[in-house]
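Visitor: Since the structure of chain A is provided, determine the placement of chain B on it from the hints.
Chains as they are written, first to last, in the numbering used here: chain A, 1 to 386; chain B, 1001 to 1066.
I should point out that these hints are in silico values taken from the structure, not numbers from a laboratory. Cβ coordinates follow ideal geometry from the N, Cα and C atoms, glycine included.
Covered stretches of chain B, going by a simulated chain A footprint (3 or more residues, C-beta under 8 Å):
| # | region |
| --- | --- |
| 1 | 1009–1020 |
| 2 | 1025–1036 |
| 3 | 1045–1059 |
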Amino acid sequence: MSTQVLVVGASVGGLTVAEALRRKGHAGPITLVGAEPHLPYDRPPLSKEILAGDWPDERAFLRDQAQLDALGAEFVLGRRAERLDAEARKVELDDGRTLSYDTLVIATGLVPRRLPFQGGLGGVHTLRTLDQARALRAHLLTALNVAVIGAGVLGCEIAATARELGLSVTLVDPVPMVMARQLGDELGALVAALHVRHGVRVRTGVGVAGLTGAGGHVSGVELTDGSRVPADLVVVATGSTPATGWLAGSGLSIEDGVVCDSRCRAAPGVYAVGDVARWHHERLGGSVRLENRTNVVQQALAVADAIMGADAPYTPIPYFWTDQYDVKLQIHGTIPPGARLRAVDGEPGQARFAALAEVDGRAVAAIGWNHPRGVMAARRRLIQPS
Amino acid sequence: MEVTVDQVKCVGAGQCVLVAPEVFDQREEDGLVTLLDPAPGDHLRAAVDEAAALCPAAAIGLEGPR
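Bound conformation, chain A alone (with noise of 0.2 Å):
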């Protein structure tokens, strides 16, 4: 097969395709469009060990050069792509270049939610890039005074490292309670404690009304039940809505994400990959976008099978950790509101404990708090419909 693939994307995702292409026998041109100048790099440090300083930068990279040379694909980056035209198979990038593909791979990833209000005051931050986990990482070593708004994944375990670093941290979100998306109450209400633990305020269900500034630096958060956090450093970490805005006009179904078949097919010779992605979950009856480091490249690798030929739903376990002071939470399923927790090893709220996560007496989901076999062993117990 000798069809030309481009990949628009070039971090976990699309890399992943690349490398599966080649290993499954793609001997055709690769094109992988990065709108960041690095090469591909892995997102889940940023907010851990590069903010905390216990890696260089280096080791977040995920190849090196020579590894990408063997790839044998061309890699064009700090470019972005700017229009798709589907019908004539065609992607225009900013510099007016225009590629054409066979088959297209779209991998974007996500844009950072900003406030309404956050205009350009200095000292305000958000965590998506490598960049932008720099200049966190600089001013946390001069700040005192953080506050992380968004008390979801990324939020929390900023809020940790800034913590660790030795510096003042308030965790806010309007949401009552910590990380409770992914977790719902119970097993949030455990996470809430240990940043408690740690000496973080957490502020949880009370909004954000403004920030205030002084000099053009950012000076507090002032929040809907008329209270002030002081903070020279500020995080916003509200989440983030699928890279989608180069496709408007494209003739793909965009909702909330790249609508894709459960094949992860958005238009003939057309596939999405990672978080940008919406596709029909076969196993679970409905449409499905993950934000997890895990799905990026499962469903890389499912689509890397689709483009050779194969022709399976993709249907996975859902699966992501966090870590978090000296926890690492590790999540297999997923937890909806409500479910309660049956422990398995150990109980929750122990230092280490496994358990599932049940609705009806049916297990939904795997929970491991620093517990990484039992949680492969809790797994087992997921109830799968086929």
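Guide: Just chain B, lined up with the frame of chain A:
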């Protein structure tokens, strides 16, 4: 095919054990990877390739002819 694992990089995600249980296992105490078979047969090549790709820590290396 020769497989190597790096326990310093490993984060105990267990993805390798899921796709290639004949080759990889996890230590009881901390979940770090252990190698059951450092020279698996070629019929396991695809599974080991997938394990190496899935590893979030790039802790799995493999050498040998495709």
